[in-house]
Structure formats: C-alpha cells, structure tokens
Amino acid sequence: MSKSPLPPFFKEGIRQFNASIGSKNFWLRTLVTVAASCKLFAADAAALETVNIALSNKNFQMILYPIAQERGYMQEEGIDLRVILARAELSVQATMAGSFQFNMAGTMAVVNVMKGGAPFKVILATNDKVLSWILGKPEITSLKELKGKRVATSGVANVTLIMAKQVMQKHGIDPDRDINFINTGGGSNGVRALMAGAVDGVVASTAERYIGVPAGLRELSFIGNEVKNSWGTMATTDQLIQEKPKLVAGMIKASLKALRFIRKERDATIAVAMKFAGLDKNIASRMYDDLVGTFNQNGLVDEETQRNDIEVIRQILKTPDTIPVQRAYDFRFAREADRQLTQSGWRP
Numbered sequence: 000m001s002k003s004p005l006p007p008f009f010k011e012g013i014r015q016f017n018a019s020i021g022s023k024n025f026w027l028r029t030l031v032t033v034a035a036s037c038k039l040f041a042a043d044a045a046a047l048e049t050v051n052i053a054l055s056n057k058n059f060q061m062i063l064y065p066i067a068q069e070r071g072y073m074q075e076e077g078i079d080l081r082v083i084l085a086r087a088e089l090s091v092q093a094t095m096a097g098s099f100q101f102n103m104a105g106t107m108a109v110v111n112v113m114k115g116g117a118p119f120k121v122i123l124a125t126n127d128k129v130l131s132w133i134l135g136k137p138e139i140t141s142l143k144e145l146k147g148k149r150v151a152t153s154g155v156a157n158v159t160l161i162m163a164k165q166v167m168q169k170h171g172i173d174p175d176r177d178i179n180f181i182n183t184g185g186g187s188n189g190v191r192a193l194m195a196g197a198v199d200g201v202v203a204s205t206a207e208r209y210i211g212v213p214a215g216l217r218e219l220s221f222i223g224n225e226v227k228n229s230w231g232t233m234a235t236t237d238q239l240i241q242e243k244p245k246l247v248a249g250m251i252k253a254s255l256k257a258l259r260f261i262r263k264e265r266d267a268t269i270a271v272a273m274k275f276a277g278l279d280k281n282i283a284s285r286m287y288d289d290l291v292g293t294f295n296q297n298g299l300v301d302e303e304t305q306r307n308d309i310e311v312i313r314q315i316l317k318t319p320d321t322i323p324v325q326r327a328y329d330f331r332f333a334r335e336a337d338r339q340l341t342q343s344g345w346r347p
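The sequence shown begins at 0 in numbering that gives the first Met the number 0 and counts up one residue at a time.
Treat each hint with caution, since some may be false.
Quick list of in silico lysine to aspartate or glutamate cross-link-like pairs, EDC-like style, CA-CA up to 16 Å [stated by the list, open to error]: (1) K148 - E138; (2) K146 - D173; (3) K263 - D288; (4) K280 - E303; (5) K114 - D288; (6) K146 - D175; (7) K227 - E303; (8) K245 - E138; (9) K274 - E144; (10) K169 - E138; (11) K114 - E310.
Ranges between beta-carbon positions, derived for each pair [to be verified]: (12) P137 - R176: 31 to 41 Å; (13) S343 - G196: 51 to 61 Å; (14) G147 - I322: 35 to 45 Å; (15) W345 - T318: 19 to 29 Å; (16) S343 - E138: 18 to 28 Å; (17) P118 - N224: 16 to 26 Å; (18) T49 - R176: 51 to 61 Å; (19) E138 - N179: 15 to 25 Å; (20) G196 - D289: 23 to 33 Å; (21) A96 - E303: 12 to 22 Å; (22) G186 - S98: 20 to 30 Å; (23) G147 - G71: 47 to 57 Å; (24) G77 - E264: 33 to 43 Å; (25) W345 - R176: 27 to 37 Å.
Please keep in mind that the hints were generated in silico from the structure rather than gathered at the bench.
Note that this is a predicted model, so its numbers are computed, not measured.
Glycine included, each C-beta is placed from N, C-alpha and C at the ideal position.
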C-alpha cells in the first residue's frame, strides 16, 4: 500500500523542527526553560509551611487529614501537613511546647483549660454526634437488663463512660449503684472480653462496634443519638491563633474541604479509609454508610453542645467549678471558612 504524500506545509514544519533541534540555541532554550520550571517548583515547595498535627488514633473520623493532604487542600493553603500519632495527653503537652501546631485531642485540651487555665482553644469539631455505643451479649435485649451486670470500659473516668452513664440514667439505671464497670484498658480489649463472656456489656468505640456487631453482639444504644456532645475536636494554642491567624484559617479551610469531600465522595473516601486505617473494604463501606451523616459540613457545634462538653469534663474532674464556653472554644475560623466555601460554590 503506497503512502500518501505529505502536504508541503507539513514537510516545511518538519524541516524547521529538525533544523531547530539541531541548533545549540534550541537546547540552550530548552535547558533554560527546564531550569526555570524546576526553580518555580522548588519555590512553590519552599513556600509551604510544615505543620504537625497529632492524632491519638486512626479512627474513621480522622480520615479527613489524609484526604486533605492527598487532594491538595492543605497545599492550596500553603501547608505541608505532617500527621503524627501520639497519645492525647502527650499531644496536648507537645502542642503547648510547640512540637505540634494542632492536635485532635480537643477534649483533653479542655480538661487542661478547666484544670489549670491552659491557653488552648477547640477550633474544629469533626462530628456532631459521639461515635460510641453500648453493646451487650446477644441474650440481653435492652439497657435495663444490664442492671447488676458487668460492663467493660476503657477507663473509670473518661468522656465516653460519663456519657454512657448519662444514657443509662435516661433508661432508669443508676450506673454507680446498678452497674459494675470493669476497666479493660484501650484497644479492642472490652469487646474481646464481652465476646469471651467475661463481661455482659461494653462501652464500645467505633472499631469495637464493627468487631462486635458482626460477631453477634447486640447494639443496645448508639450514644451519639442520646447525648448532645461533639466528637473529633481539634485544638491549638491561643498563641498560634494570635500570632499566625492565616495559618489557622488555612488549616480550618482545608479541613472543611475534606469534610465536604467525605460527605460527597463515597468510593474515594472508602478507599482512603482502607489505606489509612487498614480496614477491609466491607468494614470501611459499612462504616461510611453508617457514620457519614455524623460528619459536620461546617466544622462547628452550637453553644449548647459546647456547654454539654464542659459539663462532662467537670464531672470527670469532680469539681464544682465550670467555665464560660469562650474560654475553651473558638469557632470563628470555621464559620468564616464555611461562609467562603458556600459563597464561592466550592465543590469537591
């Protein structure tokens, strides 16, 4: 089959191209262009500020941070985010020392505010429902049947236990008199003890709920439906807010973009959860479908919820004193970021 002859203008274009790449000027111009591009790239990278955030776990609600980094939301705000795992108490201390700019131990930060006047503020709430459950043996069909029984908990004086006690009181149980709480420590120890028959119920975390229910344990209460408290809260120092308000605003704006992404992009969010938390697809999918409605789009909670959070901490500290919400919460950055994103019509 004979080849069709090339049009004259096409031949002339090839001739000029071949002539140009054979010249020193072509390669010089190319090298200059590449060098300039590399310089611009390096400048962009250098412009990013390294920011450390401490997470106390890899629970499902924490996926907004790998999402915010992978989708480029943090970079858009000039932030190179480093996610570091640290216990809640340690992360609060390290934030005060300047090793972390932000932490996801907002409750522990408020404990320090109430206990010693520490200069912290909670600036973001990931969820407007508490992600905690009360599970029981299969034969236990209601909370009232836990009277006189043993219930596992991850601590004898923690936030979820106080909330679980509030729920029990609503159902006619005096938790201090009717329930024998057993401290089984963190992780999945509580639900494992329940599955082994060592206890009759457990105040369960998200991970424990998705271990226990498929194994036949009965869900007696979703605590998030029965109390009005925040969950997954971010804290920072008053000093950072005062000295670097633009950084704080950028951190919150990128986080809100990730929260909106989570609510809109099911498959992509599930994929991140599998990678970040080491979940299999079935569990990650169930978690998403069950919990996506608890994620805030605007990153804040109302004053009633803030007061409820403070009251829970007051009970943990066993103090008669309380504090005004302004001492512990500052959601103005979340309000402004939500306003900007809504006004601009931003979509993931």
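Hints versus structure:
1. K148 - E138: 13 Å, holds
2. K146 - D173: Holds, because 8 Å separates the two Cα atoms, which is no more than 16 Å.
3. K263 - D288: 12 Å, holds
4. K280 - E303: 37 Å, violated
5. K114 - D288: With Cα atoms ~38 Å apart, K114 and D288 exceed 16 Å; violated.
6. K146 - D175: Answer holds: K146 to D175 is near 11 Å, not above 16 Å.
7. K227 - E303: 8 Å, holds
8. K245 - E138: Not OK: K245 and E138 at ~55 Å, beyond 16 Å, violated.
9. K274 - E144: Violated. K274 to E144 sits at ~39 Å, over the 16 Å cutoff.
10. K169 - E138: Between K169 and E138 the Cα gap is close to 22 Å, so the pair fails against 16 Å, i.e. violated.
11. K114 - E310: Distance of about 13 Å is within 16 Å: holds.
12. P137 - R176: 31 to 41 Å: Cβ of P137 to Cβ of R176: about 26 Å, so the range 31 to 41 Å is violated.
13. S343 - G196: 51 to 61 Å: 56 Å Cβ-Cβ, so the 51 to 61 Å window holds.
14. G147 - I322: 35 to 45 Å: Holds, at about 37 Å.
15. W345 - T318: 19 to 29 Å: About 43 Å separates the Cβ atoms of W345 and T318, which means 19 to 29 Å is violated.
16. S343 - E138: 18 to 28 Å: Since the Cβ atoms of S343 and E138 sit about 55 Å apart, the hinted range of 18 to 28 Å is violated.
17. P118 - N224: 16 to 26 Å: With Cβ atoms ~34 Å apart, the hint is violated.
18. T49 - R176: 51 to 61 Å: Given about 52 Å between the Cβ atoms, the range holds.
19. E138 - N179: 15 to 25 Å: Holds, since E138 and N179 (Cβ atoms, about 18 Å apart) stay within the stated range.
20. G196 - D289: 23 to 33 Å: 26 Å, holds
21. A96 - E303: 12 to 22 Å: Cβ of A96 to Cβ of E303: about 33 Å, so the range 12 to 22 Å is violated.
22. G186 - S98: 20 to 30 Å: 25 Å, holds
23. G147 - G71: 47 to 57 Å: Given a distance of about 55 Å, which is inside 47 to 57 Å, the answer is holds.
24. G77 - E264: 33 to 43 Å: Distance hint for G77, E264 is violated at roughly 24 Å.
25. W345 - R176: 27 to 37 Å: 52 Å, violated
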